[in-house]
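If you read the sequences in order, they're chains A, B and C.
Be aware that the first sequence starts at 1, since it is given in our numbering, and climbs by one per residue.
Be aware that the second sequence starts at 420, since it is given in our numbering, and climbs by one per residue.
Be aware that the third sequence starts at 904, since it is given in our numbering, and climbs by one per residue.
Don't read these hints as lab results, they were simulated from the structure.
We put the CB at the ideal spot given by N, CA and C, even for glycine.
Check each hint, because a few of them may be wrong.
Derived list of chain C stretches under chain A, where covered just means 3 residues or more per stretch with a C-beta under 8 Å from a C-beta of chain A [to be verified]:
1. 905 to 918
2. 938 to 945
3. 1012 to 1021
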Amino acid sequence: MNYDLVIIGGGPAGLAAAVAARDNGIQSILIIERDKELGGILNQCIHNGFGLHTFKEELTGPEYASRFIDQVKEKNIEYKLNTMVMDISEDKIVTAMNKTDGMFMINAQAIILAMGCRERSRGALNIPGFRPAGVFSAGTAQRLVNIEGYMPGKRVVILGSGDIGLIMARRMTLEGAKVLAVAELMPYSGGLKRNIVQCLDDFNIPLYLSHTVIDIEGKERVEGITIAEVGPDRKPIPGTEIHYDCDTLLLSCGLLPENELSKAAGVAINPITSGPIVNDGLETNIDGIFACGNVLHVHDLVDFVSQEAANAGKNAARYIQGQTSNETKEIQVKAEDGVRYTVPCTIRPEVMDDNLCVRFRVGQVFKNSAIAVYFDNELISKRSKQVMAPGEMEQVILLKKKIEEYPNLSEITIKIEEA
Amino acid sequence: MYDIAIIGAGVIGSAIARELSKYEAKICVLEREEDVCCGTSKANSAIIHAGYDATPGTLKAKMNVAGNAMMDELSRDLDFPFKRCGSLVVRTKDQDISGLEKLLEKGKANGVPDLQILDRNKLIQMEPNLAVDVTDALYAPTGAIVCPFHFTIALAENAADNGVDFFLNTEVKNIKKENFGYKITTDSQIFETKAIVNAAGVYADTFNNMVSDHKLNITPRRGQYILLDKDAGSHVSRTIFQLPSKMGKGVLVTPTIHGNLLVGPTAEDLKDKEALNTTAEGLDILAPQSSLSVKNIPYRSVITSFAGLRAHEDSGDFILGEADDAKNFFNAAGIASPGLSSAPAIGKYLAEEVAGALNLKNNPKFNGKRKGILNPSTMSVEERNALIKQNPAYGQIICRCESISEGEILDAIHRTLGARSLDGIKRRTRAGMGRCQSGFCSPKVMEILEREVPMDMLDIVKNGKNSKIVFGYNKLIGGWDNEL
Amino acid sequence: METKHLTCIGCPMGCQLTVKMKNKEVIEVTGNTCKKGDIYARKEVTNPTRIVTTSVPVNGGDLPMVSCKTKEDIPKDKIYDVIKSLENVCIDAPVSIGDIIISNVCDTGVDIVATKNVCVK
Chain A
1 MNYDLVIIGG GPAGLAAAVA ARDNGIQSIL IIERDKELGG ILNQCIHNGF GLHTFKEELT
61 GPEYASRFID QVKEKNIEYK LNTMVMDISE DKIVTAMNKT DGMFMINAQA IILAMGCRER
121 SRGALNIPGF RPAGVFSAGT AQRLVNIEGY MPGKRVVILG SGDIGLIMAR RMTLEGAKVL
181 AVAELMPYSG GLKRNIVQCL DDFNIPLYLS HTVIDIEGKE RVEGITIAEV GPDRKPIPGT
241 EIHYDCDTLL LSCGLLPENE LSKAAGVAIN PITSGPIVND GLETNIDGIF ACGNVLHVHD
301 LVDFVSQEAA NAGKNAARYI QGQTSNETKE IQVKAEDGVR YTVPCTIRPE VMDDNLCVRF
361 RVGQVFKNSA IAVYFDNELI SKRSKQVMAP GEMEQVILLK KKIEEYPNLS EITIKIEEA
Chain B
420 MYDIAIIGAG VIGSAIAREL SKYEAKICVL EREEDVCCGT SKANSAIIHA GYDATPGTLK
480 AKMNVAGNAM MDELSRDLDF PFKRCGSLVV RTKDQDISGL EKLLEKGKAN GVPDLQILDR
540 NKLIQMEPNL AVDVTDALYA PTGAIVCPFH FTIALAENAA DNGVDFFLNT EVKNIKKENF
600 GYKITTDSQI FETKAIVNAA GVYADTFNNM VSDHKLNITP RRGQYILLDK DAGSHVSRTI
660 FQLPSKMGKG VLVTPTIHGN LLVGPTAEDL KDKEALNTTA EGLDILAPQS SLSVKNIPYR
720 SVITSFAGLR AHEDSGDFIL GEADDAKNFF NAAGIASPGL SSAPAIGKYL AEEVAGALNL
780 KNNPKFNGKR KGILNPSTMS VEERNALIKQ NPAYGQIICR CESISEGEIL DAIHRTLGAR
840 SLDGIKRRTR AGMGRCQSGF CSPKVMEILE REVPMDMLDI VKNGKNSKIV FGYNKLIGGW
900 DNEL
Chain C
904 METKHLTCIG CPMGCQLTVK MKNKEVIEVT GNTCKKGDIY ARKEVTNPTR IVTTSVPVNG
964 GDLPMVSCKT KEDIPKDKIY DVIKSLENVC IDAPVSIGDI IISNVCDTGV DIVATKNVCV
1024 K
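Bound-form chain A, shown alone:
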């Protein structure tokens, strides 16, 4: 089997990448999706708030996905459902498997990695206690409630105040459960203010910042949860325990890009993002393997996933058409002083887009600060922001025209400074 472009994953990233690749002239495209339908995690995100940037209206997750699924279908882009990619090799042979085709191999000219991410599990969080039924990641609960129609709990405590945790607090409440509390390890919430107000405050659900779960009781099903305040070292403070009689603990404690396939193919991974290290074309260290969406770095808004994925699709098309060359100069993009990472990590000034969006996250809450961009040691721009928080992605736009003014430039640094 041969395809010009194989896209691994039919969620928002894979769909947008496929559409963009087709729009840029690639005919032979295959999307491989492991689930029974296209759309990925959006299918279970039935709440509204998606697409304000992309479609200028507020859509639910399934509606947002359908806009792209419709385009994929109109453009007759091929896809295989219920198909698992088992391996990707460095020379771009994709091994996949399903019930009808068995195990098969595809020679791809280019590959776009769009596998998304997974939730941090209880084990990875090292929460002590018993191991009864009733401890779910928020996403698993979301699937059970929204897609299968089953309630995984009646009295619920949630650890983690990321958006999925907040959204599930509201969902569980609306479907008849009592959400007793949301505990957050950090002194701030990673979720949107809107979600804190409309998912917690609307239903009088308390949010405990700087708190964590220190014990899970119940031998067969959860019977109780104890939370406690944590100090600056994030260790529980004795005497601050609060106990809840409950049957369920939902965990919303961060997402991890799923790069097991990427690593097997030899793709280099950034330890900060747990996603591939990419250049301005979203290409990994392996020629012709691109990455976008949550497999690259965890995004806050799906609109940005779609934008990034379209970029990956366009660049993969250029690669397939032989329009790019990696024999060009590379400039490093460095994250410093409060900036945790940047995507991309390198820029090729000769082939880069005229306006290149560099996305990043900050490591703590900054108020009345500024995003500063340095070309080597020269301050190029400084943009003030009233507030920046780790839960939201930030960006700077780099202009090709500007970079061309600095022919000896070796390093671009992005940092947070006083306003």
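Place chains B and C on chain A using the hints.
Same frame as chain A, now just chains B and C:
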């Protein structure tokens, strides 16, 4: 009326059941949990000890070395994963060499083959991640790793296939001596039997003490463990023990048979025989303690932690054989470490004793072979495609982390003593045992259980009967006591 | 004079807004850093509204549930009424995005519409 009732379907009860099925007898196994392999057998170090640790002359020493030697053939006959990876007991520079030498002598006395003490230069070539302070080690090439679930389940399945009746969800409440033997009252029905084998793990004292005046006292000794992702699985290639010191027995670091890395156990004597909880204090000591023998363990890759209870009897040794004041009541009690390693030998030893006492004849129909759940990842592409063509379910991956197909899950459900719970499927197939810890696959596995058993979604459990996963349908669980 | 406290949802700042009211009329909004906070506070204290999203069972579909939403905002104090009106609702496949599941739910003048396509099994 049964000839023999075995209490407990852990590795010991299952091993005894299988050995006894070699004789013509009516045998049953009574297990309070919903599946076999639910007690100590499911939460331990998953290793087969070489046998140098136990005091020469004890049952522990005898059974361990004999059990170890039986594993190669047993794992082939019963088709479960087993690997002689070897083990090292490492000494650090502040410890005296005499400790290692004593172990070597004990090992030789116990009949452990091929033991030798290796110096650091040799060791570093074998295990580059040994800690800087490690000076030398006792090397036991017969040390091995095993999947304790597959091991136990294989024994139980084979026993069942040879005619042993397994009663799950059947908790023994009382045992009464009768002139024919014993009457066993359980929470569901009454069993009459000529003989009893007591393989009840941490509860073996309770049952012994119902019929015998020679009281046993078992203390549950908790061991907490941390399991790391497969990306850390090759950090060591052998089981690395620490030479015991005044500070305690130390912890081990070992690869698991499935390619993960396991660190543990702690050793805490408790009163509560159900205290399978981990604690912050327990988990917190594993990292510093393990660093004494192995450096740079990537604790970032932790995927889960768990605790198991070893059944420590006051005598310190295994209690094997007929209680001397209770005819035809046979104990397999106090089976703490090295219980898993000793299981095959204990099974044989006790079965022979029981068969002698009851004057049992050999079972000519006994078939000691069993096929495990097919593992397609060991097959070639051609073989796999032939399999998928024949049974398309093998083409559908359900657990993405461990690459487990629907075909394997169907096999786990439909075979002898088939899985009926999420954990039952997990132990048989590894679906849900990977890095996402069943976050993605549990709803799919539930759908398969619902369709195949068949059973109601609302009745599906994680393990015990009260471990339901879902409580009802959306909007219909009687909530909405919230005020806006 | 009545005082209400709110958190602004306009941006991550999350300004703590104080609204002074008299006879259900807003006298003053303080604590906001920008105009968004003022607008939000005035709306939220006089006429708070929300979009409600949930899912309902489907008969004969290739999926067991279909997601749905109130097509427009409904008054915040009607959230539970809206949800309860769906308690025993089950619709037949096929379903298309935008199909009306309940029209004029709880007399709000707003329809509940499907947000997903579900085919016949």
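Results of checking the hints against the structure:
no., hint, verdict
1, 905 to 918, "holds (count 9)"
2, 938 to 945, "violated (count 0)"
3, 1012 to 1021, "holds (count 3)"
Going through the hint list in order, the structure does not satisfy hint 2, though it satisfies all others.
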